[in-house]
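Novice: What follows is the residue order along each chain.
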Amino acid sequence: MIYLDHNATTPIRPEVRTAMLPFFDESFGNPSSPHTVGRRVADAVDGSRAQVADALGVATDTIHFTSGGTEADNWALKGVLDAHWLKHRSHGRLVTSSTEHHAVLDTANTLARHGVTVAYQPVDENGIVDVQALMETVAASPAPQLVSLLHANNETGVLQPVAQLGAALRERGVLFHVDAVQSLGKVDLQELAQVVDLMSISAHKINGPKGTGALYIRPGVEIEPLLHGGGQEQGRRPGTLHAAGIVGFGAAVEAATHDGLASMARLGELRDRLQDGLSDLVGDVVVHGGNVDRLAQTLSVSFVGVEAEAVLLGLDQVGIAAASGSACTSDSPEPSHVLLAMGVEPRVASSAVRFSLGWGNDEAQIDQILEMLPPLIARLREMSVF
Amino acid sequence: MIPFYTTDFGNPSSAHPFGWRAKQATEASRSEVASLIGASPREIVFTSGATEANNLALRGLLERVSDPHNRGHLITGVTEHPAVLDVCDTLELQGVDVTRLPVDAHGQIDAGQLRDSLRPDTFLVSLMAANNEIGTLHPLAEIGSILSDHPALWHCDAAQAAGKIPIDVKALGIDLLSISAHKLYGPKGQGALYVSRRRPAIRLAPLQEGGGQERGIRSGTLNVPGIVGLGTACELAASEMQGEAERLQRLRDRLVSHLTTNLPQLRINGHPEQRLPGCVSICFDGVDGRDLLLQLQQDVALSAGAACASGHAGPSHVLASVGLSDEQAASTLRFGLGRGTTTQQIDTVAERVVEVCTRVSALAS
Ligand SMILES: Cc1ncc(COP(=O)(O)O)c(C=O)c1O
Ligand SMILES: Cc1ncc(COP(=O)(O)O)c(C=O)c1O
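Line by line, the protein sequences give chains D and E. Residue 7 in the numbering used here sits at position 7 of the first sequence, with consecutive numbering throughout. Whatever position you read off the second sequence (first residue = 1), add 1000 for the numbering used here.
Note that these hints are calculated values from the structure, not bench results. In this text, a Cβ means the ideal position worked out from N, Cα and C, and glycines have one as well.
On the chain D side, residues computed to face chain E include the following (Cβ under 10 Å):
#	residue
1	F24
2	H35
3	S324
Just a few of them, taken from the derived set where beta-carbon distance is under 10 Å, the chain D residues facing chain E:
#	residue
4	H228
5	G239
6	L313
7	A322
Could you put the whole structure together from the sequences, leaning on the hints where they help?
Specialist: Here you go:
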């Protein structure tokens, strides 16, 4: 099988596995226990926290481990707006975009039901939020506010101008949360981390384990916990720490930053080879977000006239795993909210396939796809009813 | 677990063979978890641990109490884990009336007092199966029968009990039950909440929203290896529970009898029979527990109480509630026996404890 769905999840790397295994076996202690067995694990957790903090260029105690990116997103939004409520007894305001991940969109909906005002900034045809327009939206309200934006879009890989926005928002004293789940390990986040207040990351997108993520919280940011009970993570996130997962996260971050840029350059070449090949060999394809800065390993492409599901089924039969939209929404047949927000016609949006490359992919695999896919699309187009 | 990190690493929400294989594995685990507690697979929601499961059960239900003038009434016990008690504190701030039932000297609530505390607007009773510090079991069958003719739901934190004593949610009448994998030889960072499919349906508001996994009750990419680990741990626990319980019981009795014979000033906390087989909490009157821990730490990993509270100063709320003075609580150690514990280890520990206690009390006098 050729796996081209790394934005959904990734395999762990051998060095991550090696780092994790002892924490299932002899180093199984509870890091909160005061005895040697526990302290040894606590030390490893601290080491991992330092690895993650170093990758972001932030202080160690700003990293709070969670069960994943979804929890980090939910915590950031609900926690900050809860804190607003407790402090000001007013509901506050959330400004976000229409192309966010569902972990932010669904949370925003719930907050809106509870009385928070939510503003959704539109994106242009490339999927990008206009910085000036967003700042105007922010300026229009005197309420305490939180702005939440996705750094790299999980479907298209398109990068938002978050660094620029961060500086502008900092100047206005408005809190800024960035979902960096897809950009961690693919883009250097150190500069960005200096201008955001909260940042969500997740291990399983960077060859680390599922079920572990983190929320960066800048010192001084007022945020209520999402979960209560137990004093872990400075009293902010209770629950026995997932030591093996956390150690795996540290090792994965370390590996990604170590060879990150080099491997992104390599994956970028492979992605371009795939994109150019498909454009040449298939014809009538639409690349989404192709004209702007985006993740080097992501390609979202519509084969106009065929349903994405049919393409995926055909690909599956020849041993290629790709995705339509994001993994979490692939159960529902509706076209992607991200592409629709970019003004893509529903018909074109519903034929979008996402190829996301990662560690383990090579040129031979790309060439194999370029061999298999054109005849498949041609066959589907012949059979197509539209 | 390991293959689900490396070769079968797919996201169970993905529509390709990597995803399908991952999904198949999580569904097999769901059945194993369900069968350990007599539930059906569709009643299991995977979480990141029992802390999250407890939060989801308690907070998720409150969200459904829609009358803003009466947020309802909740009953819990004073010896619950902080993952229940701290949530109750926040619910109280939001207007829920909370009754915290006291316990007797053995750590059990009084069933009659539970019955008397029920009100027409009681929507939830949260009482744990087994206490994590002293191992006492609440009178589960009695609680179930009292609640059988009251609309209040029963949430049971079974993080310490699941896999160690038989629990049948249907026979007991439990509506919501929290499990933690790492307490039953599974991985940390994995748990589950049992949500009964009773009528009228229990609808929980999610804590974590997003991809819509776990029927929307708990979004987030599933921790497939963790889930597989939990499932396997449940399967093993189910088949080994009885033999292991008997073995631990013998070891525990051996430890206690050795210690009581040699140390007269000793008090065993918790219920003499209604308790977890492998957990024993002992108060060494007149000996400082921290001192004892320090002297023993080269050879024995023990704790003064709950691990999650270890960072906290202040005596245990559980020990205080069964009537121990601050001083007695500070003289208490918890011995948590388990699958790796052998007779030889027990003998060594007993000897070491007697030796250190004798030395320390000689010094003190
Ligand atoms: C942009 C983005 N945010 C959040 C998440 C959720 O992270 P997790 O899968 O760790 O819950 C994902 C992945 O599903 C994502 O792509
Ligand atoms: C009774 C009880 N409930 C809940 C928990 C929390 O479980 P977890 O560590 O999985 O969050 C624990 C253990 O710490 C416990 O002993």
